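Put together the whole structure using the sequences plus the hints.
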Amino acid sequence: MRPFRQITQILDETQLLRRFWQSASHFWRQEKLKVGGLTLFLLVVVLLQLLLQVALNLWNRNFFDALERRDAHALWLQAQIFLPLAAASIFLAATSVWGRMTAQRSWREALTRHVIQKWLERDRYRRLNHHVIKGSENPEYRVAVDIRIATDAPIDLTLAFISSILTALTFFGVLWSVGGSIDITVLGQAVTIPGYLVFGVIIYSSTVSALMVVFGHHLASVIERSNQAEAEFRAAGDAFRQEPEHEAAKATDTDRRQILQLKLQAVLLWWREFCWQLVRTTLVSHGNFLFAPVVAWFLCVPKYLSGAMTLGELTQSAAAFVVVQGAFNWLVDNYQRLADWQSSAHRVATLLVALDELEAKEQAVGKPAAKS
Amino acid sequence: MHRIMVATDGSSRANRAVDAAARLAKATKTTLIILTVGGHDISGKELRRLALVGGDLSKTLTTMADQVLAKAKNRAQRLGVSDIKLQTAWGDPAETIIDAVRRGKTDILVVGRRGRGQLSGLLLGSTSQKLSNLAPCIVMIVP
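The listed protein sequences derive, respectively, from chains X and C.
Once you know that position 170 of the first sequence is 157 in the numbering used here, the rest is easy, because the numbers rise by one and skip nothing.
Once you know that position 53 of the second sequence is 56 in the numbering used here, the rest is easy, because the numbers rise by one and skip nothing.
In short, the hints are calculated from the structure, not lab data.
There may be inaccurate statements among the hints.
[To be verified] Not everything, but these chain X residues come out facing chain C in the computed CB check (under 8 Å): (1) H205; (2) Q248; (3) L249; (4) Q252; (5) A253.
These numbers come from a predicted model, not from an experiment.
We put the beta carbon where it would ideally sit given N, CA and C, even for glycine.
Dropping the structure here:
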């Protein structure tokens, strides 16, 4: 008999993701009309949300300018403008949730049906336990939970990514035009920095991202190992429940308890490390939450004090700074979600690879090929 | 008296407990059971290394526990004990040791006063304190 092999010894990370995408992309390739319509709808919602964000940013400037002038009529007008803007923003946010979750549900359904078919066909679900490849334990959990995570996250992350890029580009324009240039003196020489807020936000965001990479560079791998340990813990419990009676008689309760205790210990240790990784990244993320608006205000204050910037322009620039900085932080904000997705996609892929091997064996012994 | 059990985590204080238990086992010509409750002394640095290389933590914990037992066995053998049994367990140290004592029908349990978890021992009460209160046999605590 061939020795058991770990799937991760046969395929590397890229190959596993490729195998995941091979099955996951069926949905995007086969139902072009439905998927195309949904994608277009989601992109339109993203664009409308961006448009509203720009409108709210402008409203912010006009409101504070009116406040600075103590102009009651203009303030009342701004209050009236705010209501439809807020209503549209709330409506779009709700619409976006519907669109995203509809796309996620449809994709999950398509991939789950595909994997269930492969898994149940020709009694593969029975043979999977005795298969020559290890790493595909607990298939029911992979079908039920990992597919959900693996199809949820890419839609949210992709939309957030597109939104971040468009937001950053749009608000760069706001920062460039409203912030304008600033004159500073370096070594006795007057230097003019055009669009200084754009450079400011780039430097600030790069610093935060670099800090996040330094503080949290182990986070993704720790999350992946933590998820794997949780899965092994569940699989160990399932194995006892499903073991045949003649085998069950051989093991004592102490043996079983020790195996579960060992798996639990691994889960708890990874959880401890996950906790420390989150503590480290929270130092950066919460620091950023506090500092980003203050840095923006401080960058704008010299121009405001010199009279080159109105109060409305100051608040507009500061708000734009925070928006661009938030867009820059896409990776930072989604680091944990990406790691969760990667882990689940791997687990779905390992199940698919194991099923592929069984299918290949069936074909080798002359049985008709199963549908994929 | 038939069985003496010593619990070790590989620390220097636990080594002193192993030595004391070994001398006692030799003098009384009884079986020495060396027990380690694994998984409590792996560092964050080692965990991060394992995460990067995709290592198997369960296997690493088992190997670490085996190493602790092998070293303790060597110490006991050097002191002239030949009838040695090794045992690994996982879980809360005090509860796991008491469970092993009950199952192994141990007559004397030997432990060090403090192992590696010195800070948590100060906060939560040390394993040796719990054992001296709860173990169903004679408990010898080695300072």
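Hints and how they fare:
Contact between X:H205 and chain C, as hinted, is supported at the beta carbon level, the nearest pair being about 5 Å apart and thus within 8 Å. The interface hint given for X:Q248 is met, as the beta carbon of that residue sits about 4 Å from the closest beta carbon of chain C, less than 8 Å. Given hint, X:L249 at the interface with chain C, holds; its Cβ is 5 Å from that chain's nearest Cβ, closer than 8 Å. Given hint, X:Q252 at the interface with chain C, holds; its Cβ is 4 Å from that chain's nearest Cβ, closer than 8 Å.
Using the Cβ-Cβ criterion of 8 Å, the hint placing X:A253 at the interface with chain C is satisfied: the shortest such distance is roughly 4 Å.
The structure shown violates none of the earlier numbered hints.
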